[in-house]
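Student: Heads up: the protein sequence lines correspond to chains A and B, in order. So the first sequence is numbered by the working numbering: it starts at 1 and just counts up by one. So the second sequence is numbered by the working numbering: it starts at 1001 and just counts up by one.
It is possible that some hints are incorrect.
List time: in silico DSS-like cross-link candidates among lysine-lysine, alpha-carbon distance up to 30 Å [unchecked claim]: (1) B:Lys1087 / B:Lys1179; (2) B:Lys1154 / B:Lys1311; (3) A:Lys122 / B:Lys1188; (4) B:Lys1385 / A:Lys122; (5) B:Lys1311 / A:Lys126; (6) B:Lys1426 / B:Lys1188; (7) A:Lys63 / B:Lys1188; (8) B:Lys1058 / B:Lys1080; (9) A:Lys55 / B:Lys1154; (10) B:Lys1251 / B:Lys1080.
Reference excerpt, derived from the structure (chain A facing chain B, CB under 10 Å, subset only) [unchecked claim]: (11) Gly36; (12) Val39; (13) Phe40; (14) Leu43; (15) Thr48; (16) Lys52; (17) Gln54; (18) Glu60; (19) Ser61; (20) Leu62; (21) Val65; (22) Glu86; (23) Pro87; (24) Asp93; (25) Pro108.
Honestly, the hints are just simulated from the structure, not real lab data. Ideal placement from N, C-alpha and C gives every residue a C-beta, glycine not left out.
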Amino acid sequence: MNPKECKYTSEHEWICPESGDKGKIGITNYAQSQLGDIVFLDLPTSGTQVEKSQKMGEIESLKAVSGLFAPVSGQVLEVNQTAIDEPNLVNEDPYGDGWLVRLELSQPSEPEALMNSDEYNKFEAKLSQEGSK
Amino acid sequence: MEHKSLPSISQPDKIGCSLPPLEVPPSKLPPKELLRQELGLPEVSEGELVRYFTSLSKFNYGVDTGFYPLGSCTMKYNPKWHEEVAKLPGFTSVHPYQPIDSVQGALRLMSELQELLTEITGMAATSLAPMAGSQGELANILMVKAYHQSRGDKIRQKILLPDSAHGTNPATSAMCGFKAVTIPSNDKGNLDIKSLKSMMNEEVAALALTIPTTLALFDPQIAEISQLVHERGGLLFGDGANLNSLLGRVKFGDLGFDCVQLNLHKTFSTPHGGGGPGSGPVCVKPILTDFLPSPSVTKNRGKYIFTSSTKTIGSLGAAYGNFGVMIKAYAYIRSLGAEGLKEVSENAVINANYLKEKLKAYYYLPYDRTCLHEVVFSGKRQKAKGIRTLDIAKRLLDYGFHPPTIYFPLVVEEAIMIEPTETESKETLDAFIDAMKKIAKEAEENPEILHTAPHNTPIRRLDEATAARKLDLRW
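From just these sequences and the hints, can you work out the full model?
Tutor: Okay, here's the thing in structure tokens:
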């Protein structure tokens, strides 16, 4: 379910590295299922410098408003305007059409420290078992 | 029954009233370009209009029509004679700026209410100025800030909050220029002491704590928490949202709190439907009395007067707070007395625990321990069958109950938070329990009926996601 080519944070963001030290960012399937129907995205604009683990935006669902954290540091190259217009894409296709921003990484090696898909699968299974008590 | 909107029953040229013939010369209209061609007003007869609003009024559901398990968090039962008291001409006809000698009765009520709340919370002084719980929080954090600054202590930039805190706590902290830092809860639902130890330092201005927590659990570590915070020079700020479980039993002052905000419109039973008015008095220990918001009421040579503390954080609005709410809270406290208030909390806690014990075989109970005035279940067991907590809440409408709070607190997956309050009888609770059991059974046997609920209400399930995504606030 969680694509092998992506890296994951414990805050449930994914980054999928692309050639030329770039990467696409979104939230995981687990995150969208916990949030429920997403109704509004507040994303950084192109050119914004974001810092690893710092808040770079907000995701609002019917249940709650959650912070969106940068999985790595870098500069925003592109924002998914289609997802802003139709936030349900994040629910329906979190790894595809529901991606959020594209970054130019300041430190190309940074994603290596994040979880791979196997590790994230285990992390997710553990959380589901605990029922986020 | 289908309910038609007013514009949809409108017919051209129908009128609801007849105007007499014009007896004065008509005045000149403004230039044509300033006039609208269409006003878009519905055109209906008087009878149709009366029926329209009467039928709307029949859809109302509130604490006066049935069980309302949102509890004191939203509004508990308001004894009707409070309204009579608040309607006394001596209260309704006063003006904020009339001479102080002519409103001594009103000031006496405020002064005595200050004393009663000071006594109930075990603090040193009270200000009635804040006009809502959120404004009381703001006043408290501003006092915390003023206190540290008055001592020349300017490095304290953080407010610590447990992860179960009300959303207003971090928001208030941020508004006052502090950084809100979250402390995790442990698996018992209490504050994680280890984390507090590692996070509590000289940069922390205060720890904001709700007792009992938003999970309605009493944190037995409170003495240790208070010591840890005070040792490092921080203050303990209490959110009094859940005072309904402590009245006459536990005092915030004894627990080590330096300041607390109350919600008269919750605990002290004053109506606040539709978003207001509220009243959020703040009660403080001696170290903070100089900073209280103004005005306070004091008695000087047999006369009540308005005063201001020496280093007050200032006033929070025009005049003196929401006086009407104060009258009702005063009436509530005085009519129940100390013993009566104790019974309020006792019954609120017993009712919540009764629901907990009767329902825990049917709904997952994440924290299986004695709760206080409310109980938090999780819809996790039903979620495994594809039923969400929202479906359960919607189905309750079919059984004639207002749903409880759902999806809060956020630390519980698919949360269902039920607060029955002290005034509900065993018969009412049993009827609610019965409905909840039926719904649990339906979740097993006929999940579709839950997915499509409600079935018996004038309006069926609304598409909340589309409504929020495509906001349309006009017709």
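Student: Confirm or reject each hint.
Tutor: Tested hints:
Pair hint Lys1087 of chain B plus Lys1179 of chain B does not hold up; C-alpha atoms about 44 Å apart against a cutoff of 30 Å. Restraint check for Lys1154 of chain B and Lys1311 of chain B: satisfied, since their Cα atoms lie roughly 17 Å apart, inside the 30 Å limit. Annotation: proposed proximity of Lys122 of chain A to Lys1188 of chain B holds, straight-line Cα distance about 24 Å (limit 30 Å). For the proposed pair Lys1385 of chain B and Lys122 of chain A, the alpha carbon gap of about 22 Å is at most 30 Å, so the pair holds.
Between Lys1311 of chain B and Lys126 of chain A, the direct Cα distance comes to roughly 52 Å. Violation of the 30 Å bound is thereby established for this hinted pair. For the proposed pair Lys1426 of chain B and Lys1188 of chain B, the alpha carbon gap of about 29 Å is at most 30 Å, so the pair holds. Restraint check for Lys63 of chain A and Lys1188 of chain B: satisfied, since their Cα atoms lie roughly 24 Å apart, inside the 30 Å limit. A C-alpha spacing of about 20 Å is found between Lys1058 of chain B and Lys1080 of chain B, which places the hinted pair at or below 30 Å, so the restraint holds.
The hinted pair formed by Lys55 of chain A and Lys1154 of chain B meets the criterion: a straight-line CA distance of about 26 Å does not exceed 30 Å. Taking the CA atoms of Lys1251 of chain B and Lys1080 of chain B, the gap is about 28 Å. The hint holds against a cut of 30 Å. For the restraint placing Gly36 of chain A at the interface with chain B, the shortest Cβ-Cβ distance is roughly 8 Å, inside the 10 Å limit, so the hint holds. Restraint check, Val39 of chain A versus chain B: the minimum CB separation of about 4 Å is within 10 Å; hint holds.
Contact between Phe40 of chain A and chain B, as hinted, is supported at the beta carbon level, the nearest pair being about 7 Å apart and thus within 10 Å. For Leu43 of chain A, the suggested interface contact is broken, since its CB lies about 16 Å from the closest CB of chain B, more than 10 Å. Interface restraint check for Thr48 of chain A: the shortest CB-CB distance to chain B comes to about 21 Å, outside 10 Å, so the restraint is violated. Interface restraint check: Lys52 of chain A against chain B, minimum CB-CB distance 18 Å, threshold 10 Å, status violated.
With a least beta-carbon distance of about 13 Å to chain B, the hint placing Gln54 of chain A at the interface is violated under the 10 Å criterion. The criterion of a C-beta within 10 Å of any C-beta in chain B is met by Glu60 of chain A, whose closest approach is roughly 8 Å, and the hint holds. The interface hint given for Ser61 of chain A holds, since its Cβ lies 9 Å from the closest Cβ of chain B, which is under the 10 Å cut-off. Using the Cβ-Cβ criterion of 10 Å, the hint placing Leu62 of chain A at the interface with chain B is satisfied: the shortest such distance is roughly 6 Å.
Evaluation of the Val65 of chain A hint against chain B yields a held restraint, the C-beta minimum of about 9 Å falling below 10 Å. Residue-level restraint check for Glu86 of chain A holds (minimum Cβ-Cβ distance to chain B is 8 Å; threshold 10 Å). Because the smallest distance between the Cβ of Pro87 of chain A and any Cβ of chain B comes to about 6 Å, under 10 Å, the interface hint for this residue holds. A hinted interface residue such as Asp93 of chain A counts as satisfied when its beta carbon comes closer than 10 Å to some beta carbon of chain B; here the least separation is about 16 Å, so the hint is violated.
Annotation: Pro108 of chain A was flagged as interfacial toward chain B, and the flag is violated, the nearest CB pair being 31 Å apart, outside 10 Å.
The structure does not agree with the numbered hints 1, 5, 14, 15, 16, 17, 24, 25 stated previously, though it agrees with the rest.
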